[in-house]
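**Student:** Each protein sequence line maps, in turn, to chains A and B.
FYI, the numbering for the first sequence is 1 to 174, going by our numbering.
FYI, the numbering for the second sequence is 1 to 159, going by our numbering.
Some clues are possibly wrong.
Claimed, not checked - Here are the simulated distance ranges between beta carbons:
#1 Gln28/A x Gln23/B: 21 to 31 Å
#2 Leu60/A x Arg87/B: 36 to 46 Å
#3 Gln23/B x Ala15/A: 36 to 46 Å
Said to hold, decoys possible - Far from chain B, by Cβ distances over 12 Å, these chain A residues were calculated:
#4 Leu33
#5 Glu44
#6 Ile47
#7 Pro72
#8 Glu142
#9 Ala150
#10 Val151
No wet-lab data here; the hints were simulated from the structure.
This one's a predicted model, so the numbers in the text were calculated from it and none came from an experiment.
Ideal placement from N, C-alpha and C gives every residue a C-beta, glycine not left out.
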Amino acid sequence: MNKPESFAPPSLNAADIDVDESLVRSLQSGLQLVPQPYEAVARELGIGADEVMARIRRMLDDGRIRRIGAVPNHYRLGYTANGMSVWDVDDAQIDTLGPRVGALPFVTHSYRRPRRLPVWRYNLFAMVHGHSRAEVEQKVEEVRALLGDAVRASDILYSTRILKKTGLRLKERG
Amino acid sequence: MSRTLNQAATRELDDLDRAIINQLQGGFPVGDRPYAMAAGAVGADEATLIGRLGDLLADGTLTRFGPMFDVERMGGAFSLCALAAPRDDYERITALVNAHPEVAHNYERDHALNMWFVLACASRDDIPLVLAEIEAETGCTVYDFPREAEYFIELKLSA
Numbered sequence: 001m002n003k004p005e006s007f008a009p010p011s012l013n014a015a016d017i018d019v020d021e022s023l024v025r026s027l028q029s030g031l032q033l034v035p036q037p038y039e040a041v042a043r044e045l046g047i048g049a050d051e052v053m054a055r056i057r058r059m060l061d062d063g064r065i066r067r068i069g070a071v072p073n074h075y076r077l078g079y080t081a082n083g084m085s086v087w088d089v090d091d092a093q094i095d096t097l098g099p100r101v102g103a104l105p106f107v108t109h110s111y112r113r114p115r116r117l118p119v120w121r122y123n124l125f126a127m128v129h130g131h132s133r134a135e136v137e138q139k140v141e142e143v144r145a146l147l148g149d150a151v152r153a154s155d156i157l158y159s160t161r162i163l164k165k166t167g168l169r170l171k172e173r174g
Numbered sequence: 001m002s003r004t005l006n007q008a009a010t011r012e013l014d015d016l017d018r019a020i021i022n023q024l025q026g027g028f029p030v031g032d033r034p035y036a037m038a039a040g041a042v043g044a045d046e047a048t049l050i051g052r053l054g055d056l057l058a059d060g061t062l063t064r065f066g067p068m069f070d071v072e073r074m075g076g077a078f079s080l081c082a083l084a085a086p087r088d089d090y091e092r093i094t095a096l097v098n099a100h101p102e103v104a105h106n107y108e109r110d111h112a113l114n115m116w117f118v119l120a121c122a123s124r125d126d127i128p129l130v131l132a133e134i135e136a137e138t139g140c141t142v143y144d145f146p147r148e149a150e151y152f153i154e155l156k157l158s159a
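Just chain B, with the same shape it has in the complex (with noise of 0.2 Å):
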């Protein structure tokens, strides 16, 4: 997976391709035939739109389509954390974190401390449970970065 997502594009993106990511990000129609309300807004027919959205899923332009659920509000909680693990066993560390299904992102940065990935837990009291198996499982110590002030966030990437 995290091949496929780090691949550069297979093809260029069309005309269609583009019209879905700057217009579909949000705002999707919850009614009877969804993607038939939607289509005339790209250009396309319930058919086509339903056919390329399975494309750029498949060729992973798009990680996902569907409903965006807000963890914090539905008495979940998020939190941002980080590792230092050892070069030589990098690999191994990254399956040992990326088991737990609370592991939503995970991202390797070039810092000491390399490992950076978002928990998404059903309540705040899994938080700490999560970093202390991890903790357990890796043998490295895992800093918490809950957010305590979110100051923007916007869709603002384009195609």
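Here chain A stands alone, though its shape is the one from the complex (with noise of 0.2 Å):
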């Protein structure tokens, strides 16, 4: 695997790639719950606390950083129902239909994917958060609603346990 060029866009020299991929190994795991958080990083890298920050403006600035905030956990939160509905979607009206599906408020993520055929024939996934099935299933009859004709069947699968949730760790292979 050529490494530097799988951290970063290929605008940004092999260097600097570098110092951004340590950056990223050091912070994968969060901030540290310290006064200045960026100048622990500095020196655990070695580097000035102003060139940390900047990498990070500029990783905000193009994308490659989302957001920096917290993480909750759903269930703690009380949204203990969460149903990732599937729905088998007509190709040719999919990408007009998912973003409407998108932009409802209760629905977190919404993606095409691909069918698995004869085991999986759903090509669009919309994630509903709610405090109970009967309230997740009330917002899915909304999904439905909008779809309209060009559903052919749909499911919704609970998660019953989380089995593992960490952030980012990327590691090399060899």
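Join the two chains, each given in its own frame, into one complex according to the hints.
**Tutor:** Right, dumping it as structure tokens:
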């Protein structure tokens, strides 16, 4: 694997990418809970805090960092019903209807994904979080109404247990 | 770890907890004293905010605090994957799947495909390698569902 190319846009030179990669690795478990967390990362990497902050700002600007903040555990917020609604939607209509599903206020993620026939016929995934299964089902009916005749089949897969949830962990493969 | 993640809240969230959850899911500052900069927005001082974030991470209300990286913009790749684990072998297969550091999330779901996990790899080329390893280790067929289009994602959960 070509290591530098795997981590950043090609507009950055190799030395920049190496530093950014080190920065990602030291931040992937989270920001330290100390008054000067960027200074702490800078000391760890042997570069200046100003450089660390400039690099983080650049990654925010170009989208390599989506945001900086807290990631709540849905369950602990009372969103104990987590329904992955899946839909077999007419291919000719999915790209028109998908964004309308994604715009519903209770849909937190919405993607088009490939079918795996005969095991899996659904091509639209919309994650619906609620405080109860009844609430999720009520919301899923709103999705169904929006999709109308374009839907041939659907299902809701509830998560019954979180088996693992970590942040990004990048590992080099040999 | 999964035990903490699945437990009900051990205490009621107070105003500061809610302010942190509702206002600090994004936009945390990049500056010399970022906690001090963010503290005013949630009605706390620097030390209180740092202490409370530690509490929320320790009790599992937050799973993480810090930058959220976009693996794909860094040249890496995500894929949603699923397999059908036999009921009487479920825990062993869970351990085999979770042992891969590329497995970022893994959920049990009530379907014939009863284990759904997200792979985050440093390179698109790694995904089939990890899938092949998991298939070899578990003896289960792994179906992967890479996203073909993203229709909208926003932070909408509130406390």
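**Student:** Failing hints, ascending?
**Tutor:** Structure breaks hints 4 and 7.
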